[in-house]
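Colleague: Quick mapping for you: the protein sequence lines, in order, are chains A and B. 1 is the number of the first residue of the first sequence in the UniProt record's numbering; add one for each residue after it. 1 is the number of the first residue of the second sequence in the UniProt record's numbering; add one for each residue after it.
The set of hints was computed from the structure by calculation and includes no laboratory data. Any given hint could be a false lead.
Copies of one chain are not kept apart here, so a pair can be met inside one copy or by any two copies together.
[As the list claims (entries may be wrong)] Lysine-lysine pairs mimicking BS3-like chemistry, simulated, CA-CA at most 27 Å apart:
id, residue 1, residue 2
1, Lys-413, Lys-178
2, Lys-77, Lys-355
3, Lys-342, Lys-35
4, Lys-158, Lys-276
2 protein chains.
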Amino acid sequence: MFESAEIGHSIDKDTFRKMMPALREALLDVQYDLKEKADFPVLILIHGFDGAGRGETMNLINEWLDPRLIHTVAFDKPNDEARARPWMWRYWNELPATGRIGMFFGSYYSDTLFERVFNRSDRDAFDRQIFDILRFERMLTLDGAVVLKFWFHLSRDKQKQRLKTLEQDPATSWRVTKTDWEHYERYDKIRKYGEHMLRLTNTAHAPWIVIDGEDANYRSLTVANTILEAIRNRLGQPMLSTDRVEAPPLLAPIDNKLVLDTLELEQKLDKASYQKKLDQLQGRLNKLTRDPRFGNHSLVLAFEGNDAAGKGGSIRRITQALDARRYRVVPVAAPTQEEKAKPWLWRFWRHLPGKGGITIFDRSWYGRVLVERVEGFAAEADWMRAYYEINDFEHQLTENGAIVLKFWLAISKDEQLARFKGREETGFKRFKITDEDWRNRDKWDLYRQAVSDMVDRTSTSKVPWTLVEANNKYFARIKILSTICDALEARLSE
Amino acid sequence: MFESAEIGHSIDKDTFRKMMPALREALLDVQYDLKEKADFPVLILIHGFDGAGRGETMNLINEWLDPRLIHTVAFDKPNDEARARPWMWRYWNELPATGRIGMFFGSYYSDTLFERVFNRSDRDAFDRQIFDILRFERMLTLDGAVVLKFWFHLSRDKQKQRLKTLEQDPATSWRVTKTDWEHYERYDKIRKYGEHMLRLTNTAHAPWIVIDGEDANYRSLTVANTILEAIRNRLGQPMLSTDRVEAPPLLAPIDNKLVLDTLELEQKLDKASYQKKLDQLQGRLNKLTRDPRFGNHSLVLAFEGNDAAGKGGSIRRITQALDARRYRVVPVAAPTQEEKAKPWLWRFWRHLPGKGGITIFDRSWYGRVLVERVEGFAAEADWMRAYYEINDFEHQLTENGAIVLKFWLAISKDEQLARFKGREETGFKRFKITDEDWRNRDKWDLYRQAVSDMVDRTSTSKVPWTLVEANNKYFARIKILSTICDALEARLSE
């Protein structure tokens, strides 16, 4: 979930100065529209790592918007009044009225997260609180509220650096408290439990917006733009029924830098090293899948990637290492008539391996948020909620002991062109290239955005996406095989 | 939740024979419409107590409808295949296709309930499974499915009687298995945990339909009519958006017998006994609220009832016994401008008592499903989901230690008329009678239905409704006071 917030987003001063005035004006306009015309409130939640700019953002919103119409509340530990009542009581009390913006600095999410981080709640109590939150936010959004949940992110190193910088400057040293350092010590736990909490509450109607907190310009413009577009979107689409929830729009990052752009696609491996490593890894993989401990697990692999990125070849290098009775490769194409008559995930559920089994999906359930999104085969509301449904699906798999790995094979546009031409010229490969492949190529940028949103919303520490630099097939295959072996080894020795 | 299913519903043979043919024909028609025109499936779940007619109902549906278009599955314990996969796998596999009816005899609800009943899951694991179910059904209904969940009910005595009757008749003795008696031994646990499960999964889009299982004619007609109206309703209202869920309609019982009809309103108490009991109970109540253990609890009372049923007088008899610093009476009228601008429950959250405190609501959050429903102040979708929101609200209260009691004061239509006239004639009471009261009286039957639905959907063992026979004020007040004292005593000594 945090991948895109760690690739180093930034907006330079000039761009910032150029974009800012129009954005501020638009924000004020929309705020007055909200006041005059709207029958719904806006709730903004500010969360994330210390030092990632949460306080600055809160001040900024109050500065750029009309603060008289913003109800800002900072929640700390509950007082006696609050402790004597159900834990959600103090959040209920501070809800914004229709036509207004409420901004919570810290919220029910902080209570939930820090009780877990400081071991005051166990796994079950944690999930129970998350369930309370889900019902609460469902009520809010069904009631019409626009709920925007920001998570300001910093990597561990960046957080340390940032806290030190703030501390060293006498003008800002007051910003860094003992609590900040206590939280820093627990960075890994906050990240781990935070991710779990974000995943389970990342609903289509009240999604999390994860923001790289390092660069102030990027951060400020992103927050302002997100608020602007979410309110605009809702003002333009009055609710048809009170039982209908509009999801805020998915926006491209304001600096147009996506997670795929950070890959170094040209990484190479020569044939001799490849052959040697391939033998080693296939041997290792074979042994791991015959390990008695694997009998309590199963392995589910999903392959996605650009056309001609080498999915098939990679899959063959895996199956070569496996006992044929244990695995199954499921090629995923357009759904059949029977499959279309069932909920969309049905065709993947039916192919799940049992304990000790392996299923390799050549293209997968991610088609819902890739091709079906880009081609418009699924309505926006449907693919928007698919992220949650996918996370839920994969969660049920891992709860049952499955090891789930997902690979995106990325090649450059030039490399793809070369491969397409090669396929057309080689007789026995001609079947592999169709008009559709050429049409998909025209939608390169739409796919680029869809892949980025997919990684942001479905990559978790338990079920991570592995982005594979695949311009060189040898390099790609070895990266895939070693990722699988490492993951198996780690899970089997848990 | 089970109140209405224990008042003894029945349909006589002649009525049954008269209604049946038209109903069967209509059902077949609607089934073909479903097949020809619908882009959604229907999922029917059959649950409830052994001996309450679940098997007979399943056969009946297959007999009255075209069984070729019904996919009937009886789920027993999971086999090896299923055990090797996530627990929802086998239910995914059997989902009906669009245009078809799927009928599950036993389902994910049985797994969940019986693991709890037989102590194989604890409270947290139970809730976690319920949460899995909620996400699953939400996916199904967002996908368009009509989900009908039947709970066939029998009281403990009726179940015993029914199992014995079946056993004694050689023609039906095979129906009663050892498992049935094992379940009977655990009737109370099944009922308790079943109620918890039903309450948490009783959503507006996939509500439970609780049916009195005693009389076969009543049972059969009710099931058939519910299926008919739910499919008809959906066929008539195509989904406007895939993110919109249509709730099936709330139907009046087919014998038009409601829970309010079973009250003996004329129960009396003479003045001398009243005075004596009143003194005793007020003393007892005072002592209970000063008990140190009450400091970990709070008391929340909600009063609803027919106009002129004596709510105010009853509340005064309670407050007379209380320390003025500890309690607060909140009269609930139409929401203020400020309250209207918040989610509808906000105005009740703000008045919640802290530990050791008492809040008495003179009219309450139930206005949402009474006056707002009857007068159309709330849209149907809104008051339909209010049942779930109310249960959630009260659940959060009891989790926090609150003792929550709800009273419906019922008087007969004649008694009301007499009281209205009395008020008009007595100078100092004239303010108590308005045109609105007379208008409400015209809607007597609508309120009667709304009260019944309210009790069915929100009365639980932890937060029960007490229906108070209030034609005689003395009787009513004593019943209320002793209910409060008994509940306090029970909770304080837990």
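Colleague: Run every hint past the structure and note whether it holds.
Modeller: Structure-based check of all given hints:
Taking identical chains as interchangeable, the C-alpha atoms of Lys-413 and Lys-178 are never at most 27 Å apart, the minima being 50 Å within one chain and 68 Å between chains. Proximity of Lys-77 and Lys-355 under a CA criterion of 27 Å is satisfied inter-copy only: 18 Å between copies versus 45 Å inside one chain copy. Taking the closest pair of Cα atoms, Lys-342 and Lys-35 come within 27 Å of each other only across two copies (14 Å); inside a single copy the shortest separation is 43 Å, beyond that limit. Proximity of Lys-158 to Lys-276 under the C-alpha cut-off of 27 Å is found in neither arrangement, the shortest distances being 38 Å within a copy and 75 Å between copies.
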